[in-house]
Structures are given as C-alpha cells and as structure tokens.
Amino acid sequence: MSNIKLKLKPNTKNNFITYAIMLALFLSVQVLDLTGSLSSLFKGLLVPICMYVILAVSLNLVVGILGELSLGHAGFMCVGAYVSAFFSVAFKEVITADWLRLIIAILMGGLSAAFVGLIIGIPVLRLKGDYLAIVTLAFGEIIKNLANIFYIGVDSKGIHVSTSSVDDLNLLPDGKAILKGSLGISGTPKDSNFILGFILVVITVVVCLNLINSRTGRAVMAIRDNRIAAESIGINVTKYKLLIFSISAFFAGIAGVLYSHNLSSLTATTKNFGYNMSIMILVLVVLGGIGSIRGSIISAVILTVLPESLRVLKDYRMLIYAIVLIVLMIANNNEKTQIIKDKLSIKNFIKNRKNAKMSIKEGD
Amino acid sequence: MALLEVKELGITFGGLKAVDNLNLSLEKGDLYGLIGPNGAGKTTAFNLLTGVYKPTNGSFVFDGVNLVGKKPADISKMGIARTFQNIRLFGNLSVIDNVKIGLHNQIKYSTFSGIFKLSNYFKKEKKFEEEALRLLKVFDIDKDADTLAKNLPYGKQRKLEIVRAMATNPKLLLLDEPAAGMNPNETIELMNTIRYIRENFDLTILLIEHDMKLVSGICEKLTVLNFGTVLAQGETSQVLNDPEVIKAYIGE
Ligand SMILES: Nc1ncnc2c1ncn2[C@@H]1O[C@H](COP(=O)(O)OP(=O)(O)OP(=O)(O)O)[C@@H](O)[C@H]1O
Ligand SMILES: [Mg+2]
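These protein sequence lines map, in sequence, to chains A and B. Take 1 as the starting number for the first sequence in this note's numbering and just add one per residue. Take 1 as the starting number for the second sequence in this note's numbering and just add one per residue.
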C-alpha cells in the first residue's frame with residue numbers, strides 16, 4: 001500500500017511545481033503593481049501573456065499529448081473572439097450585469113470554437129503528419145477570411161446576414177450592424193483584465209493537467225506512442241482524437257474571448273488570426289518542450305515579454321529577438337544541455353542514488 | 001462449440017497469397033502453436049484475426065460471432081488480445097501506465113470525472129493502480145513499474161507486451177514470437193509463465209514461435225504454415241515428425 005502512494009507522487013509533485021510557478025508569477029505581478037513599479041507598457045502585456053499561455057498550453061494538448069501537428073490554432077481563437085464579441089455587443093444593453101454577460105461570452109467563445117474544432121476534426125484527423133499540418137493551416141486561413149466576408153446585424157425581427165454590405169442587411173431602424181465585413185466588430189465592452197486572464201489560465205492548466213493524468217489522457221498518449229497497439233487494446237482512436245482536438249479548440253476559443261474583450265475593435269488580420277499566429281503558438285510549444293505544460297507556460301511568458309523588453313534596441317529589436325529565439329531553441333534541443341538539466345534535477349539525483357544502492361545489493 | 005473457428009481464411013497482397021485457405025479450430029483452453037518458415041504468413045494470420053487486415057476470402061467466428069470486417073478495437077472488446085512480433089509498447093509511458101492502458105475497457109470513468117477529479121476518479125484510479133500492479137507481479141516486473149517502457153531490457157519488453165494484452169481480460173491470447181530475443185533461461189521462465197496464465201486466467205492461447213524447444217515444450221496442437229497454406233495440422237508430436245514438415249524446415 002505504501003508503495004502505491006509513492007508511485008502516485010511524481011505526477012502530483014510535478015503538477016504542484018507548475019501551480020507554484022503560476023502562483024509566484026501572479027503574486028510578483030501583484031506586488032510590482034502595488035508598489036507602482038509596473039510600466040504601462042508592461043501592464044498592457046498582462047492580458048496578452050495570459051492569452052498566449054492559454055494558447056500554448058491548449059495547442060500542446062494536440063501537439064505534445066496527441067502527437068499531431070496542427071497549424072490552425074489561430075483559426076479557433078478567431079472563432080472564439082468573433083462569436084463572443086458579437087454576443088457581447090448584441091447583448092450589451094440587454095444583459096446589464098457585466099459579469100453574467102462575460103461568463104456567457106466566455107462559454108460561447110469556447111463552445112463555438114470547440115464545435116468548429118469538431119467539425120473540422122472529423123475530415124482532417126484522418127490525415128497524418130505534414131498533411132494534417134497543411135490542412136489545418138488551410139482551415140485556419142479559411143476561418144480568418146470568412147470573418148472578413150460577413151456582415152451580420154440584429155434588429156427586432158432577428159438576425160440578418162449578408163456578404164456584400166451593411167445596407168444589404170435591410171435592418172429596421174431599431175437594428176444595428178454588429179459585424180461589418182473587414183471592418184470587423186467595434187464597441188466590444190473592455191471586460192478583459194489580468195485577474196480574469198489569470199483565472200482562465202488557471203482553469204486551462206488545471207483542466208489540461210488533470211486530463212493528461214486521467215484514463216482519457218493515457219488513452220490519448222497511447223495513440224500518440226503507437227496507434228496500432230492502442231487499437232489492438234480496444235481504444236477508439238477516432239473518438240479520442242476528436243475529443244482532444246475539440247478540447248484544445250475550446251481553450252483557443254477562450255483565448256480569443258480574452259483577446260476580443262481586450263480591444264474595443266476587432267478585425268481579423270494575418271497577424272492576429274492568420275498562420276503567423278498559429279506558427280507563433282507552435283514556437284511557444286516547441287520552445288517550452290513538446291508535451292510539457294509547464295514549459296509552454298514559461299515560454300509563453302518569456303516570449304511575450306522579450307520583444308517588448310527589447311524595445312530599447314529600436315531597429316534591431318526583431319533581429320535580436322530572432323537571434324535569441326534561435327539560441328534558445330538550439331540550447332533547448334542540445335544533448336549536452338539535456339544532460340546538464342538531468343544532472344541538475346533533484347528527482348534524478350535521488351533516483352540515481354537509489355539505483356546505485358540497488359545494483360550493489362542485487363549485483364551478481 | 002469451438003472458441004475460434006477459422007474457415008478458408010485468405011488474403012492476397014497484389015497477387016501474393018500471403019495466407020491461403022486457412023482452416024483452424026481452437027477449443028477453449030487450448031495451447032496451440034502456429035509455426036512455419038519465415039514469410040509463411042503467420043503474422044499475417046494474426047493481423048487477419050485482429051482486424052488489422054480484412055480477409056479477401058473466408059471467415060472466422062469467435063465465441064459464436066463472425067468477426068470479419070470488425071475493427072481492431074471491437075475485436076479487442078470481444079476478447080481477443082495480442083502481442084506483436086516487432087514490439088509495440090507505449091515507449092514514452094511508464095511500465096505501469098502501459099498496463100493501465102491495457103485496462104482501459106476494464107475499469108472506466110468519464111473524461112468529465114477525470115478533468116474535475118470527482119470522487120469516482122480517485123476510486124477508479126486506485127483500482128487501476130492495484131490491478132496493474134497485480135498483473136505486473138505475475139510476470140515479475142512490478143519492480144520496474146515506474147521505468148519508461150522504452151528503457152526496459154528487451155526480454156522485459158516482451159513480457160510487458162503480454163501483461164498489457166492480459167490486462168484487456170481476453171478469452172483468446174495471440175502471442176507473436178514471445179521468446180524472440182530471449183536467452184534459454186528467460187525462455188524456460190516464459191514457458192512456465194505461459195502455462196501459469198493459461199491455468200489461472202482461464203485462457204486459450206495461440207502462439208507463433210520459431211523456438212522449437214518452446215513449441216514442443218508447451219504446445220499441445222500445431223498448425224504448420226508454408227507459403228501461406230497449411231502444411232500439417234494436429235497433435236504436436238505427430239506434426240513435428242511429419243516428413244513434409246521436416247523437409248520444409250530443413251529445406252530453408
Ligand atoms: N502489408 C503487406 N503488404 C504486402 N505484403 C505483405 C504484407 N504483410 C505481409 N506481406 C507478405 O506476406 C508474406 C507473409 O508475411 P508474414 O509477416 O505473415 O510472415 P511470417 O510467417 O510472420 O514470417 P516471420 O516468421 O518472418 O515473421 C511475406 O511474403 C510478406 O512479405
Ligand atoms: Mg511474423
């Protein structure tokens with residue numbers, strides 16, 4: 001029995017460290033804020049940091065845990081951003097309790113993205129590797145472009161949709177156009193703030209870590225490690241792939257809610273919802289370590305703060321940023337640094353000592 | 001009624017008849033050997049029986065149900081488990097997690113209880129832990145429970161594959177060259193374990209093996225395949241003395 005308890009420990013301990021890091025980051029921001037040492041520039045980064053953490057952690061579910069390369073994450077974020085912003089603008093006067101409207105907006109953003117994830121996942125998840133990556137990339141672009149095409153308005157008669165212009169909506173005098181083609185959605189209530197972002201980060205991380213350490217998570221990792229063996233054991237591969245893809249899209253959608261409620265006007269560009277963004281999120285995942293939730297959190301924080309901290313370098317900023325990124329990637333992927341990391345890790349130190357003792361006992 | 005009734009089963013790969021007109025009948029409790037030279041079609045027969053390939057001819061009925069066209073996962077749920085000739089473990093997961101994954105359809109709780117750690121999660125996870133350790137003990141690899149599967153020595157990897165298959169609580173266990181790469185001592189130990197699990201887990205076992213010591217030591221009946229077709233079938237001692245069989249083996 002005592003054996004069993006010992007064995008549950010590594011995971012629990014690992015997760016505990018992750019939560020401790022998150023708490024420490026949160027508290028240091030609060031302390032810096034109270035003492036007035038946060039620049040307005042840095043304050044403006046707090047919500048984006050939370051957003052990138054959620055995006056990286058959720059993409060890591062697909063890339064690290066399911067083992068499939070998806071390059072359409074920004075597309076799901078786009079869905080969450082638009083659906084929630086649309087809802088918030090449409091119901092700004094109807095639901096006056098800000099918190100209630102916000103909670104509904106968050107749920108709608110997440111669920112709509114999860115739904116789109118499911119619909120796209122059904123045809124796409126039959127593909128593997130590079131093919132899957134390219135097709136998800138294409139779907140991401142389609143979503144972004146669709147967001148730029150539609151005009152949607154509401155009046156007392158209901159919802160009006162057009163693809164040509166606001167006038168074409170034929171709204172009654174009491175109506176308003178909410179989504180205006182490439183002009184996007186304006187007048188979204190600015191409900192996002194650091195506390196909300198942090199709460200959403202915590203929810204994302206807790207859900208993802210619990211998922212990974214559950215029966216479902218094991219089944220998904222089994223598919224990743226050996227699909228044929230997983231099937232031979234009775235695991236429904238399609239079901240679990242779709243589940244993870246949708247959960248991942250759900251959180252990307254929530255990151256989108258955070259994004260759209262942090263700006264008063266929302267438009268879809270290559271920079272925010274295009275492949276640039278999807279690749280940026282993938283960079284966060286790869287840099288933090290594929291499959292490592294904690295790594296995703298840390299790399300998302302560092303890579304969001306870094307370009308802003310480099311502003312003093314003016315024109316050389318992005319150049320230095322790129323160089324730092326390359327150095328970090330190489331260092332992280334280097335065998336020697338892995339060995340050093342292993343040596344530094346306490347867990348391994350204890351394990352090695354235990355092994356050494358055992359081999360003396362059992363050695364023959 | 002036989003537990004497994006294979007009738008005229010066959011598959012063709014672009015003109016090559018990898019398995020042709022295979023007839024096989026396994027009674028409950030049998031310890032049955034499937035042997036034959038390299039490329040005879042033994043592994044292909046396993047792949048047919050587990051739904052990895054769809055047969056081009058024939059059928060097989062397991063426990064009264066025709067399984068032709070069923071998916072591997074459904075066949076597993078029906079009670080057929082297997083190991084692989086080229087080991088297919090979940091390498092990046094611990095030994096005990098490999099077994100827990102084998103228990104996937106034996107112990108269940110919803111994704112929801114897992115995500116929100118409801119009481120069901122703790123109750124069932126405890127069961128997972130106990131059951132997995134119990135199975136690992138049978139094969140004497142419980143001490144390696146926390147090792148990553150890919151870091152296990154070869155012999156133990158083979159054993160772990162059997163444990164994982166056993167975890168699905170099968171009625172029929174298909175072992176593809178379980179002794180490959182094992183030294184003579186390990187092979188003898190394996191023979192004892194195979195006998196032990198057959199008795200204690202109420203199993204029927206069909207195994208592919210090149211090690212004749214193992215085959216003659218534990219198999220009661222044999223089918224010999226050669227170029228996809230059945231060369232001989234029957235009691236082990238009888239089959240192994242069949243001049244045709246001797247010729248096929250020496251003729252290699
Ligand atoms: N998917 C496939 N596509 C084409 N040919 C195949 C396929 N699978 C097996 N074969 C062929 O079928 C024949 C039988 O192969 P199989 O792996 O079943 O042999 P085996 O009896 O298991 O041999 P060994 O003892 O070497 O494992 C071989 O000629 C092999 O090349
Ligand atoms: Mg074979």
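Treat the hints as calculated values from the structure; they're not laboratory data. Possibly wrong hints are sitting among the right ones.
Claimed, not checked - No farther apart than 25 Å at their CA atoms in a straight line, the calculated lysine to aspartate or glutamate pairs in the DMTMM-like style are these:
1) B:Lys17 with B:Glu5
2) A:Lys13 with B:Asp142
3) B:Lys156 with B:Asp211
4) B:Lys17 with B:Glu244
5) B:Lys117 with B:Asp140
6) A:Lys239 with B:Glu125
7) A:Lys13 with B:Glu130
8) B:Lys171 with B:Asp242
9) A:Lys13 with B:Glu125
10) B:Lys126 with B:Asp146
11) A:Lys128 with B:Asp146
12) A:Lys239 with B:Glu186
13) B:Lys108 with B:Glu130
14) B:Lys7 with B:Glu235
15) B:Lys150 with A:Asp168
16) A:Lys13 with B:Asp144
17) B:Lys213 with B:Glu177
18) A:Lys13 with B:Glu5
19) B:Lys171 with B:Asp146
20) A:Lys13 with B:Asp146
21) B:Lys70 with B:Glu131
22) B:Lys156 with B:Asp146
23) B:Lys213 with B:Glu186
24) B:Lys150 with B:Asp140
25) B:Lys126 with B:Asp142
26) B:Lys171 with B:Glu129
27) B:Lys143 with B:Glu130
28) B:Lys137 with B:Glu244
29) B:Lys156 with B:Asp144
30) A:Lys13 with B:Glu129
31) B:Lys221 with B:Glu8
32) B:Lys221 with B:Glu186
33) B:Lys117 with B:Glu129
Now the hints, each set against the structure:
1. Simply put, Lys17 of chain B and Glu5 of chain B have alpha-carbon atoms about 21 Å apart, close enough for the 25 Å limit, and the pair holds.
2. Distance restraint check for Lys13 of chain A and Asp142 of chain B: the Cα-Cα separation of roughly 22 Å lies within the 25 Å cut-off, and the hinted pair is therefore satisfied.
3. With a C-alpha separation of about 18 Å, the suggested pair Lys156 of chain B and Asp211 of chain B falls inside the 25 Å cut-off, and the hint holds.
4. Restraint check for Lys17 of chain B and Glu244 of chain B: satisfied, since their Cα atoms lie roughly 21 Å apart, inside the 25 Å limit.
5. The hinted pair formed by Lys117 of chain B and Asp140 of chain B fails the criterion: a straight-line CA distance of about 32 Å is larger than 25 Å.
6. Between Lys239 of chain A and Glu125 of chain B the alpha-carbon distance is near 21 Å, which keeps this suggested pair within the 25 Å criterion.
7. This hinted pair checks out: Lys13 of chain A and Glu130 of chain B have alpha carbons roughly 21 Å apart, not beyond 25 Å.
8. Restraint check for Lys171 of chain B and Asp242 of chain B: the C-alpha separation of about 31 Å exceeds 25 Å, so the hint is violated.
9. Using a Cα cut-off of 25 Å, the hinted pair Lys13 of chain A and Glu125 of chain B holds, with the two alpha carbons roughly 17 Å apart.
10. Restraint check for Lys126 of chain B and Asp146 of chain B: satisfied, since their Cα atoms lie roughly 16 Å apart, inside the 25 Å limit.
11. Pair hint Lys128 of chain A plus Asp146 of chain B does not hold up; C-alpha atoms about 30 Å apart against a cutoff of 25 Å.
12. A C-alpha spacing of about 39 Å is found between Lys239 of chain A and Glu186 of chain B, which places the hinted pair above 25 Å, so the restraint is violated.
13. Taking the CA atoms of Lys108 of chain B and Glu130 of chain B, the gap is about 14 Å. The hint holds against a cut of 25 Å.
14. The straight-line distance between the Cα atoms of Lys7 of chain B and Glu235 of chain B is roughly 20 Å, inside the 25 Å bound, and the hint therefore holds.
15. Simply put, Lys150 of chain B and Asp168 of chain A have alpha-carbon atoms about 63 Å apart, too far for the 25 Å limit, and the pair is violated.
16. Between Lys13 of chain A and Asp144 of chain B, the direct Cα distance comes to roughly 20 Å. Compliance with the 25 Å bound is thereby established for this hinted pair.
17. Annotation: proposed proximity of Lys213 of chain B to Glu177 of chain B holds, straight-line Cα distance about 13 Å (limit 25 Å).
18. For the hint linking Lys13 of chain A to Glu5 of chain B, the alpha-carbon distance of about 51 Å lies beyond 25 Å, and the restraint is violated.
19. With a C-alpha separation of about 28 Å, the suggested pairing of Lys171 of chain B with Asp146 of chain B is violated against the 25 Å cut-off.
20. As the CA atoms of Lys13 of chain A and Asp146 of chain B are separated by approximately 15 Å, the hinted pair is consistent with the 25 Å bound.
21. A hinted pair counts as satisfied when its Cα atoms are at most 25 Å apart, and Lys70 of chain B with Glu131 of chain B does not qualify at roughly 28 Å.
22. Note on Lys156 of chain B and Asp146 of chain B: the hinted pairing holds, with a Cα-Cα distance of about 13 Å set against a maximum of 25 Å.
23. Restraint check: the Cα-Cα separation between Lys213 of chain B and Glu186 of chain B comes to about 13 Å, which is no more than 25 Å; the hinted pair holds.
24. For a cut-off of 25 Å, the pair hint linking Lys150 of chain B to Asp140 of chain B stands: about 18 Å separates their Cα positions.
25. The hinted pair formed by Lys126 of chain B and Asp142 of chain B meets the criterion: a straight-line CA distance of about 16 Å does not exceed 25 Å.
26. Note on Lys171 of chain B and Glu129 of chain B: the hinted pairing holds, with a Cα-Cα distance of about 23 Å set against a maximum of 25 Å.
27. Restraint check for Lys143 of chain B and Glu130 of chain B: the C-alpha separation of about 14 Å stays at or below 25 Å, so the hint holds.
28. As the CA atoms of Lys137 of chain B and Glu244 of chain B are separated by approximately 42 Å, the hinted pair breaks the 25 Å bound.
29. A C-alpha spacing of about 9 Å is found between Lys156 of chain B and Asp144 of chain B, which places the hinted pair at or below 25 Å, so the restraint holds.
30. Proposed proximity of Lys13 of chain A and Glu129 of chain B is supported: the alpha carbons are some 18 Å apart, at most 25 Å.
31. A distance of roughly 19 Å separates the Cα atoms of Lys221 of chain B and Glu8 of chain B; the hinted pair therefore holds under the 25 Å criterion.
32. With a C-alpha separation of about 23 Å, the suggested pair Lys221 of chain B and Glu186 of chain B falls inside the 25 Å cut-off, and the hint holds.
33. A threshold of 25 Å between alpha carbons decides the hint, and for Lys117 of chain B with Glu129 of chain B the separation of about 16 Å falls inside it, so the pair holds.
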